[in-house]
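**Student:** Sequence order for the protein chains is A and B.
The first sequence maps to residues 130 to 534 in the numbering used here.
The second sequence maps to residues 130 to 534 in the numbering used here.
Everything labelled a hint here was simulated from the structure, so no lab data went into it.
Where a beta carbon is used, it is the ideal one built from N, C-alpha and C, also for glycine.
Certain hints may be false.
[To be verified] Partial chain A-side listing against chain B, Cβ under 7 Å, derived:
hint, residue
1, P195
2, P265
3, S272
4, I276
5, G311
6, V404
7, A414
8, E417
9, V419
10, Y421
11, K423
12, P429
13, S432
14, F487
15, G488
Number of protein chains: 2
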Amino acid sequence: MSKIAILGFGTVGSGTVEVFYKNKAKAEKSTGGELEIKYILDLRDFPESPYTDKFIKDFEVIVNDPEVTVVAELIGGNTFAYDFVKRSLEAGKSVVTSNKELVATKGAELLKIAKEKNVNFFFEASVGGGIPIIRPLQLCLMSDEIISVAGILNGTTNYILTKMFKEGAEYKDVLAKAQELGYAERNPEADVSGDDSCRKICILASLVFGKHVYPEDVYTAGIKSITKEDAEYAENWGGVIKLIASTRKVNQRTEIIVSPFFVPDESQLSGVDDVYNAILVKSEAAGEVVFYGKGAGKYPSASAVLADILNAVKAGGNKNLIWEEEHPTDYIIDYKEQKHKFYLRSVRTDSIRIEKIFGHVETLTRSNMFEKEFAFITEEISFGELEEKISELNIINIIPVFDLN
Amino acid sequence: MSKIAILGFGTVGSGTVEVFYKNKAKAEKSTGGELEIKYILDLRDFPESPYTDKFIKDFEVIVNDPEVTVVAELIGGNTFAYDFVKRSLEAGKSVVTSNKELVATKGAELLKIAKEKNVNFFFEASVGGGIPIIRPLQLCLMSDEIISVAGILNGTTNYILTKMFKEGAEYKDVLAKAQELGYAERNPEADVSGDDSCRKICILASLVFGKHVYPEDVYTAGIKSITKEDAEYAENWGGVIKLIASTRKVNQRTEIIVSPFFVPDESQLSGVDDVYNAILVKSEAAGEVVFYGKGAGKYPSASAVLADILNAVKAGGNKNLIWEEEHPTDYIIDYKEQKHKFYLRSVRTDSIRIEKIFGHVETLTRSNMFEKEFAFITEEISFGELEEKISELNIINIIPVFDLN
Numbered sequence: 130m131s132k133i134a135i136l137g138f139g140t141v142g143s144g145t146v147e148v149f150y151k152n153k154a155k156a157e158k159s160t161g162g163e164l165e166i167k168y169i170l171d172l173r174d175f176p177e178s179p180y181t182d183k184f185i186k187d188f189e190v191i192v193n194d195p196e197v198t199v200v201a202e203l204i205g206g207n208t209f210a211y212d213f214v215k216r217s218l219e220a221g222k223s224v225v226t227s228n229k230e231l232v233a234t235k236g237a238e239l240l241k242i243a244k245e246k247n248v249n250f251f252f253e254a255s256v257g258g259g260i261p262i263i264r265p266l267q268l269c270l271m272s273d274e275i276i277s278v279a280g281i282l283n284g285t286t287n288y289i290l291t292k293m294f295k296e297g298a299e300y301k302d303v304l305a306k307a308q309e310l311g312y313a314e315r316n317p318e319a320d321v322s323g324d325d326s327c328r329k330i331c332i333l334a335s336l337v338f339g340k341h342v343y344p345e346d347v348y349t350a351g352i353k354s355i356t357k358e359d360a361e362y363a364e365n366w367g368g369v370i371k372l373i374a375s376t377r378k379v380n381q382r383t384e385i386i387v388s389p390f391f392v393p394d395e396s397q398l399s400g401v402d403d404v405y406n407a408i409l410v411k412s413e414a415a416g417e418v419v420f421y422g423k424g425a426g427k428y429p430s431a432s433a434v435l436a437d438i439l440n441a442v443k444a445g446g447n448k449n450l451i452w453e454e455e456h457p458t459d460y461i462i463d464y465k466e467q468k469h470k471f472y473l474r475s476v477r478t479d480s481i482r483i484e485k486i487f488g489h490v491e492t493l494t495r496s497n498m499f500e501k502e503f504a505f506i507t508e509e510i511s512f513g514e515l516e517e518k519i520s521e522l523n524i525i526n527i528i529p530v531f532d533l534n
Numbered sequence: 130m131s132k133i134a135i136l137g138f139g140t141v142g143s144g145t146v147e148v149f150y151k152n153k154a155k156a157e158k159s160t161g162g163e164l165e166i167k168y169i170l171d172l173r174d175f176p177e178s179p180y181t182d183k184f185i186k187d188f189e190v191i192v193n194d195p196e197v198t199v200v201a202e203l204i205g206g207n208t209f210a211y212d213f214v215k216r217s218l219e220a221g222k223s224v225v226t227s228n229k230e231l232v233a234t235k236g237a238e239l240l241k242i243a244k245e246k247n248v249n250f251f252f253e254a255s256v257g258g259g260i261p262i263i264r265p266l267q268l269c270l271m272s273d274e275i276i277s278v279a280g281i282l283n284g285t286t287n288y289i290l291t292k293m294f295k296e297g298a299e300y301k302d303v304l305a306k307a308q309e310l311g312y313a314e315r316n317p318e319a320d321v322s323g324d325d326s327c328r329k330i331c332i333l334a335s336l337v338f339g340k341h342v343y344p345e346d347v348y349t350a351g352i353k354s355i356t357k358e359d360a361e362y363a364e365n366w367g368g369v370i371k372l373i374a375s376t377r378k379v380n381q382r383t384e385i386i387v388s389p390f391f392v393p394d395e396s397q398l399s400g401v402d403d404v405y406n407a408i409l410v411k412s413e414a415a416g417e418v419v420f421y422g423k424g425a426g427k428y429p430s431a432s433a434v435l436a437d438i439l440n441a442v443k444a445g446g447n448k449n450l451i452w453e454e455e456h457p458t459d460y461i462i463d464y465k466e467q468k469h470k471f472y473l474r475s476v477r478t479d480s481i482r483i484e485k486i487f488g489h490v491e492t493l494t495r496s497n498m499f500e501k502e503f504a505f506i507t508e509e510i511s512f513g514e515l516e517e518k519i520s521e522l523n524i525i526n527i528i529p530v531f532d533l534n
């Protein structure tokens with residue numbers, strides 16, 4: 130009999146409990162033994178829940194109960210979660226979590242404890258919701274060399290950009306509608322600032338290249354500055370604007386960025402719309418592989434959490450094949466050295482002045498352009514060079530062009 | 130020290146050996162022990178190979194060598210392969226294979242032996258080449274209920290259909306070009322007849338629904354009858370023609386088919402072009418997930434084989450969570466009961482006669498239609514009903530419409 134504790138009875142927590150009981154017979158068959166949820170920890174009361182006898186408010190009961198072998202941390206954030214996860218691991222319990230903030234900021238430390246205690250720390254649901262991505266990448270890593278990972282990792286911003294694009298609407302109007310529909314939170318800051326995508330690409334970069342990359346290492350731009358005019362330029366250019374999080378290995382160092390990108394129509398990522406996520410992995414042997422699906426939601430995340438719980442039950446000792454190392458100084462390439470083509474939209478200028486500064490550029494157009502508005506795509510240059518060149522121009526927006534595919 | 134035997138030094142076999150030695154250090158780190166390829170079995174001589182000391186011609190040496198714990202069967206076909214795999218498993222060795230014909234026709238039997246002997250029988254490379262699909266599905270199955278699987282599982286036919294579509298070319302011309310480029314074999318029969326896709330969907334159906342489905346259970350139509358006129362009709366209708374292999378659960382029974390389908394542009398599968406494969410999985414909790422990548426090729430397949438080898442080394446006892454059961458009578462739904470909308474192209478007829486037989490239909494057009502040519506999409510009807518209705522018509526082609534998405 131394996132006994133499980135669920136920390137947090139919010140969307141993912143309640144979904145996990147529901148999916149657990151629905152699939153209990155099958156889960157027991159696959160793990161080869163009885164399974165039970167012994168505790169559900171939440172500060173709130175749920176008098177209507179069929180599981181009232183399982184609710185507790187004191188974490189000490191869980192951490193001191195030797196019967197509990199797997200703890201599922203579904204509280205989120207870094208305050209309670211970090212403390213509870215760390216203490217659970219130290220007490221010799223495996224932990225599974227959907228908490229990307231925790232994994233992105235504390236992953237190396239927690240994985241090290243898991244290894245020392247010969248237990249597991251799994252977090253399939255932290256990236257891509259119900260899309261299996263962490264475990265396939267781990268398997269892939271055993272026998273192949275991963276070159277780059279790029280993805281649309283946040284459903285809320287992808288929904289907003291899709292609507293802006295398809296309906297020619299303004300950012301703030303679409304955001305309001307997304308909030309109304311429940312696709313965006315009342316405080317959407319973590320999504321629209323790119324921070325959520327940043328945490329996820331940190332997890333993927335740490336996993337595939339073996340050294341912990343922290344959110345503060347990453348150049349992160351969100352979608353708030355994107356206008357319907359930018360969308361129109363992108364369309365006329367032959368592409369769309371997507372919030373892309375990407376990382377690649379350059380010799381022994383790592384390039385990493387979160388930013389809106391001009392994505393050409395030919396790219397695998399251009400057709401990923403609405404709340405869907407997609408992750409494009411390039412590796413030496415397997416070539417390009419794309420994983421696509423809903424990146425969030427109660428049941429997709431719950432199914433990933435449950436798969437982790439069952440794997441933890443089955444594992445019998447530490448099976449984490451992942452990073453435990455901090456990265457060395459100079460491991461992250463300064464974003465100023467990153468080279469891209471860039472879309473620039475400027476006002477009070479003209480092609481003669483622009484070409485004098487940039488050399489050859491690709492001029493873009495849209496309907497009803499302002500007088501002296503000039504939008505264009507540069508040749509490939511670094512962020513650093515770009516920043517120097519534009520110092521004397523009136524630039525409204527800058528968006529790099531996606532070229533990993 | 131784990132010792133491995135490679136059976137067959139063809140494309141996948143030589144790729145596996147090459148990728149093994151390239152990633153040896155990493156593979157040893159992940160499995161936590163030394164690894165060595167002890168034997169390579171092939172009837173041919175490879176005097177130029179750096180591995181000449183490993184080549185043998187006698188399988189008895191391998192099966193009787195207790196040092197060999199993992200055998201990789203990369204011969205293909207069912208003649209030698211079946212015998213060698215069965216005897217290896219019976220001798221208590223784990224087996225990995227890329228051989229879809231073997232798994233589709235003998236999977237249940239071989240899995241049963243693997244279980245009895247507490248070893249593993251892995252076949253990640255048998256479907257989707259380097260796309261991780263078998264193992265993610267297995268994991269998914271532990272905690273979720275799979276409803277349907279549909280995919281473009283054969284790169285050769287997808288290349289041919291893509292070219293026919295994009296270049297308005299005829300089947301036989303594109304096939305000749307594909308053979309020239311090495312995308313189609315000199316004898317392309319297994320691909321163009323749909324048999325290769327059929328084997329793969331049998332493996333997936335057996336895996337996700339837990340009972341062995343055999344190729345002879347499956348209604349299988351290939352692409353040889355597709356013309357550029359059909360492609361033009363599909364385009365005007367708002368879609369493309371793809372060879373789809375699909376299966377879904379209907380109560381306790383299974384519906385399964387391999388056929389060209391009219392696929393609407395909105396489908397996840399419509400944009401999968403050239404030699405790429407994609408597999409669309411629908412499950413209760415995770416919703417829709419798509420796996421996309423190159424479905425064949427030396428290195429993609431080799432990386433999948435190597436991942437299986439390393440998993441077999443690490444497993445420590447039987448870890449197969451898959452079908453071992455034959456399916457009961459009446460488990461496969463007769464294709465005549467399967468319902469679809471259908472595209473039909475007829476000659477020597479007109480809309481009045483067609484509507485008298487079919488009721489309301491969606492009329493399609495193309496440029497330069499023959500006189501009395503009439504192409505249309507029916508309402509949803511079963512194959513059985515359709516066959517009755519068309520008995521007195523002159524039908525040139527029938528293609529079902531994809532509606533799983």
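**Student:** The structure should be examined with respect to each hint, and the outcome stated for every one.
**Tutor:** How the hints compare with the structure:
1. P195: At about 25 Å, which exceeds the 7 Å cut-off, the nearest Cβ of chain B leaves the hint on P195 of chain A violated.
2. P265: Because about 4 Å separates P265 of chain A from the closest Cβ in chain B, which is inside the 7 Å limit, the hint holds.
3. S272: This interface hint holds because 4 Å falls under the 7 Å limit.
4. I276: With Cβ-Cβ at 13 Å, over 7 Å, it is violated.
5. G311: violated (16 Å)
6. V404: violated (10 Å)
7. A414: Holds. Min distance 4 Å.
8. E417: holds (6 Å)
9. V419: Because about 4 Å separates V419 of chain A from the closest Cβ in chain B, which is inside the 7 Å limit, the hint holds.
10. Y421: holds (4 Å)
11. K423: Result: holds, 5 Å to nearest chain B Cβ.
12. P429: At 5 Å from the nearest chain B Cβ, P429 of chain A passes the 7 Å test, so the hint holds.
13. S432: holds (4 Å)
14. F487: For F487 of chain A, the interface hint is violated, since the closest Cβ of chain B sits about 34 Å away, which is over 7 Å.
15. G488: violated (35 Å)
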